[in-house]
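Asks: Listed here are the chains, written in short residue letters.
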Amino acid sequence: MKKNIAFFVIPFILIILLKYYSSDRFSDDYIENSNVDFEVLNVSNTPETIDFNFHVNPILSDKCFACHGPDDKQRKANLRLDTKEGLYQMTEDLIKRVIDLDNLEDSEMIRRIFHDNKSIVMPPPESNLSLSEYEKNILKNWILQGAKWKKHWSFIKPEKPERPEIKNNDWVKNEIDVFIAKNIENQNLEFSKMESKEILLRRVYFDIVGLPPSIDEIDQFLNDNSDNAYERVVDELLKSKNYGERMASIWMDIARYGDSHGYQDDTERTMWPWRDWVIHAYNKNIPYNEFITWQLAGDLIPNANKEQIIATGFNRNHKITQEGGVIPEEYRVEYVADRAITTSKLMMGLTMECARCHSHKYDNITHDEFYGFYSFFNNINEKGLIAYGDFAPEPKITVSKNELKEGLDFIKLPDSLDKVTFMVMKETENLRKTYVLNRGLYNLQLNEVKPMTPSAVLPLKKQNGNRLDLANWFFSDENPLTSRVVVNRIWQQFFGVGIVATPDDFGSQGNRPINPELLDWLAVTYQKDDKWDTKKLIKRIVMSSTYRQSSVTSDLNYNIDPENVYLSRFPRQKLSAEMIRDNILKTSGLLVNKLGGPSVKPLQPDGLWDEVTGGGGGSLAKYVMSSGENLYRRSLYTFWKRTVPPPTMMIFDAASRDNCEVKRQNTSTPLQSLTLMNNPEFQKAALHLSRNIFEKKLSLNEKINILYRTITGRIPNKKEVTMLNNYFDDENSLNEEVVAFDKLCMLIYNLDETSQKS
Amino acid sequence: MQEIHKHFINNNRRNFLKKTGLCIGGLALGSIVNPFESSKEDPFSIIKNQLNLPHFAPKAKRIIYLFQSGGPAQQDLFDYKPKLMEMRGIDLPESVRMGQRLTGMTSGQDKFSLVGGVTNFKQYGESRAWVSDLLPYLSKVVDELCFVKSMNTEAINHDPAVTFFQTGSQQPGRPSMGSWLSYGLGSLNKNLPSFVVLLSRGTGRPKGQPLYSRLWGNGFLSSLHQGVQFRSAKDPVLFLKDPENLTRQERRKMLDYLSELNEEQLNMFGDKEIESRISQYEMAYRMQTSVPETMDISDEPENILKMYGPNSKKPGTYAANCILARKLIEKDVRFVQLYHMGWDQHENLPTQIKGQASDIDQPTAALIMDLKQRGLLEDTLVVWGGEFGRTSYSQGSQAALKNNTYGRDHHPRCFTIFMAGGGVKPGFSFGETDDLGYNIVKDPIHVHDLQATILHLFGINHEKMTYKYQGRRFRLTDVHGDIKHDLLA
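Residue numbers (the working numbering), protein chains in the order written: chain R, 384 to 1141; chain C, 197 to 685.
Just so you know, the hints here were simulated from the structure itself, not pulled from any lab data. It is possible that some hints are incorrect.
Think about it this way: if two alpha-carbon atoms lie no more than 16 Å apart in a straight line, the pair counts; the simulated EDC-like pairs of lysine to aspartate or glutamate are [stated by the list, open to error]:
#1 R:Lys919 <-> R:Glu548
#2 C:Lys430 <-> R:Asp989
#3 C:Lys403 <-> R:Glu994
#4 R:Lys1067 <-> C:Glu659
#5 C:Lys468 <-> R:Glu946
#6 C:Lys437 <-> R:Glu1064
#7 R:Lys580 <-> R:Glu558
#8 R:Lys531 <-> R:Glu431
Far from chain C, by Cβ distances over 10 Å, these chain R residues were calculated [claimed, not checked]:
#9 Gly469
#10 Leu487
#11 Lys689
#12 Asn813
#13 Lys816
#14 Pro988
Now the stretches of chain C that chain R is said to cover, found in silico as 3 or more residues with beta-carbon under 8 Å [to be verified]:
#15 432-441
#16 525-533
Think of the CB as a built atom: it goes at the ideal place given N, C-alpha and C, for glycine as much as any other residue.
Construct the entire structure; sequences and hints are all you get.
Replies: Right, here's the structure in full:
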């Protein structure tokens, strides 16, 4: 076990020993802190120049704010360390200053954190928190260096940073690469080669359309030696309708989309037309500011059209209860809070829910501000407790077949239906008063509050604003968070980890950006130059060398940066749950690549719904499998019953859709292995593929080659061909050739590479 | 078997844990899949981890939580209230109700007629515990039981109340208790998940309250800690069964080739995560043998099957699940979570509760005694209880009360649970309610207190076992919870 710890620590030490450089806007040893656990760092690693935002505030936040932070109810000794004034104030006994700018060494903070006496030392032992030697040294050295305070980094408006000077300009394809190269050079890492064409193609296919390329598409690309061969592929993918599906599948987690109401008997709801709108909006490349404004406040846009109203379905995707006996107001409050929490996580990357019960312990968000923000979403004429079997509780909208022709044909209404009704937002005529709720409880009202935004981020100037004003506030030039939060999330879509590794927390407890200049460059470019054009942003990312480099790493790079935080290689990533299944369907030839429409119920093990219902559930009491082509639609369309979500999705780390999620887990479990080996749906797909190939009049070697390429997108190397042949021979000694070939096909579907984006 | 051995050596050579320890999943991975031999003598030695748990010597190493979904009526089972029986039909005095929030189901009722237990109660054992005549078998084991008559909760509806008991929060999304223990303490075995879930349906009210898979969900913890449902279906764990035309030898062969090919990819890409995926396949392979072995009760001797009652041979019943729970505990599964549905008696309580009581009576008693005779009760904690209690007044019309078709509504203020083994006081009763069984008069225990106490039995300081998510250190007990030392042996 000791060895284990050493193995944790050594790479970090190496990283840190590797040196610090400085630039204009950020004092830049922060990088070492971004993903590092302070508690394991050694004192000797204390950086020379200490930055408040990147070194000091994370410690203060994590170890001090619980008692000396923004929450005035919990504040001890009338002392707060989350503000500039607080850090320089007199202590309660008026003897010393927390930090004495005139006499730095005499600061009370230094005395307290190094004290031996248990009743004096900070943090106190009963808090279960303690400072490591490293952390103490950071605080001490920062004070001795002048104790310079700064506003929280993400609350400072981003500006386009200057292009850094780098040596290896040959490696650079666009600006992104300059910022990445700067880090690679600074860390003495080696540059990686560009990825092989085959692997790159599969990578960019999954990333943009969520599906693998066919052998024909691979061959076409391999044979195209023109300079812009790759760019042409990228442009085509961005034009593909499957792009909207890929983007929508990420948006479903954020929007906590479900096809059921989510509580107790979990009855069915209709929201798929809203999902169809999302696909459409992405494919049409509606600029991000409109994409969001319509979803948050489409109904409030003057002379709003039906499409804009349909988009507001976003904020009706939360769970709704039909459990007889609940107190409706308690649940209505829950729905309003859900909208506020979802919107703040999505737009600001802030965990505002902490301020629902009391002022936030870490970020400067007061209890009043939470309810001020909440009040934007409090004016919907909705029921806390809905009638059993209500598929679309008020407010709702009905779209008829005839209206589809009037610009709403993105709703893929099945022939069997004349119209469809689903939930949307609609402001009440008489606005509800909003009160601060003590401990977040629906019936403990405190003072009344007016609509407001967190003033630490940016105050809302307008009095009595509504949701549309809130949307405008998000897209104001002064808002420091909107652009950073969204480019970070899109970065994560391609590289697995955001530039800020905590996409849901840009607050003081969140990670600091690993490459703040790049984050700000992307944010400002997306907002100002590209006017929120998402396809442009994506193209910029996938055209970069950073994206096109190989995932193979050298020993040197691995030793310096095992976690690849500097992106000196492409980070290999597991496919998402949807991609794993869609890959199997597509490569096998079973996929029905059809856009939109009501959610479908593909093959799943018997009894999963029945065994947990209490007999209720209406149309969802029993799983009634779809038939025909609906068995093989993309996973985006799989029916989402929230209390029993589709097992194949959940086993591969899909979000539960109970709440807004902006990042999925990434695990390897035995249940995943079992699913890949034995899921009857996958078996069926494998059989379909193997029989199709086996029937071809080709040599066995050719067949194996096609099989392998179809599934993995890559021509197997010699060693692999031998192993594949050996397995086939082994199986063939027990079975007929065709059966042995089936088994070989299953083996290839189970390869690690098949479920990876390399 | 030789191949498996080869794989262990292989992994060993590669210093598997050391490398995967670099990733976030490393620690969790170590907890569910220990590629090295486990040591029977001191199971805790194999799961040392970053959390440095347990914090102190544990009394319990495993737990069986017999969750009674729907909310059993304490007045009819364990909380003997002779005065309440005498006061049948009399309106609940407002001085007793004291503004208690009502559910929407009885808030419209104009009369709150009291009604006592449906049968007589008698005292049993050396501990002289009162038990209803509905529970002839449990009454024989009362000297093993530690009753808590003063449980109370905040929620009055099923979904939030069950979620609260299992995750410490009324709103969905937090990890369940079993996931917390898996995260904190890791696995004791290398062939089975550390957190297993079994469901059964009550005969008293076969259609009633639903369950939700999030109740055994891992929340923000790694999916490695999720509860794995063992079903009575032909595939006891989803996708466990190999296709019919594939023999075990062929599966082994397939895994050997798979691992060879994956290692080739490891050489090619240098992605150390590949190793952890190879080992997950090995765990899956082991589960393919170990799970069906565990689920198969055909080799249980007749006297044991008899002990658990007439339903013990019927797969999917509470009785059958109790036998499985014991077998899982024998195989060192950390947390076995049973759910028995059907306790939501809003009407027809006198009939329904008989069915419910008979479902659980004999098997629960048998489970406790079976664990005891195998020496497992000592370090296995058994917990029996629901998400809330039921009202001392009847639900329904006056006629319903008269013809015994009344029910009882949800009651969060007091209810009874019991525990056994695992470091709790046997033959003991804690907490008291008033004569009407409506309010607690002595020693209340809140849900968070129970959770804190259970964690304490596992050697965990509930304030120190935290998981940092979105900047906050989360605990099973949120910011609450007092350990109830009176319950500890």
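Asks: For every hint, state whether the structure bears it out.
Replies: For each hint, the structure was consulted:
1. R:Lys919 <-> R:Glu548: violated, 25 Å
2. C:Lys430 <-> R:Asp989: Roughly 10 Å separates the two Cα atoms, so the pair holds.
3. C:Lys403 <-> R:Glu994: With a Cα-Cα distance of about 11 Å, the restraint between Lys403 of chain C and Glu994 of chain R holds, given a limit of 16 Å.
4. R:Lys1067 <-> C:Glu659: violated, 49 Å
5. C:Lys468 <-> R:Glu946: Cα-Cα ~10 Å, so holds.
6. C:Lys437 <-> R:Glu1064: holds, 14 Å
7. R:Lys580 <-> R:Glu558: violated, 22 Å
8. R:Lys531 <-> R:Glu431: With Cα atoms ~15 Å apart, Lys531 of chain R and Glu431 of chain R stay inside 16 Å; holds.
9. Gly469: For Gly469 of chain R, whose nearest Cβ neighbour in chain C is about 20 Å away, the distance exceeds 10 Å, so it holds.
10. Leu487: holds, 30 Å
11. Lys689: holds, 33 Å
12. Asn813: holds, 25 Å
13. Lys816: At roughly 23 Å from the nearest Cβ of chain C, Lys816 of chain R sits farther out than 10 Å, so the non-interface label holds.
14. Pro988: Check fails; 6 Å does not lie beyond 10 Å.
15. 432-441: holds (count 8)
16. 525-533: violated (count 0)
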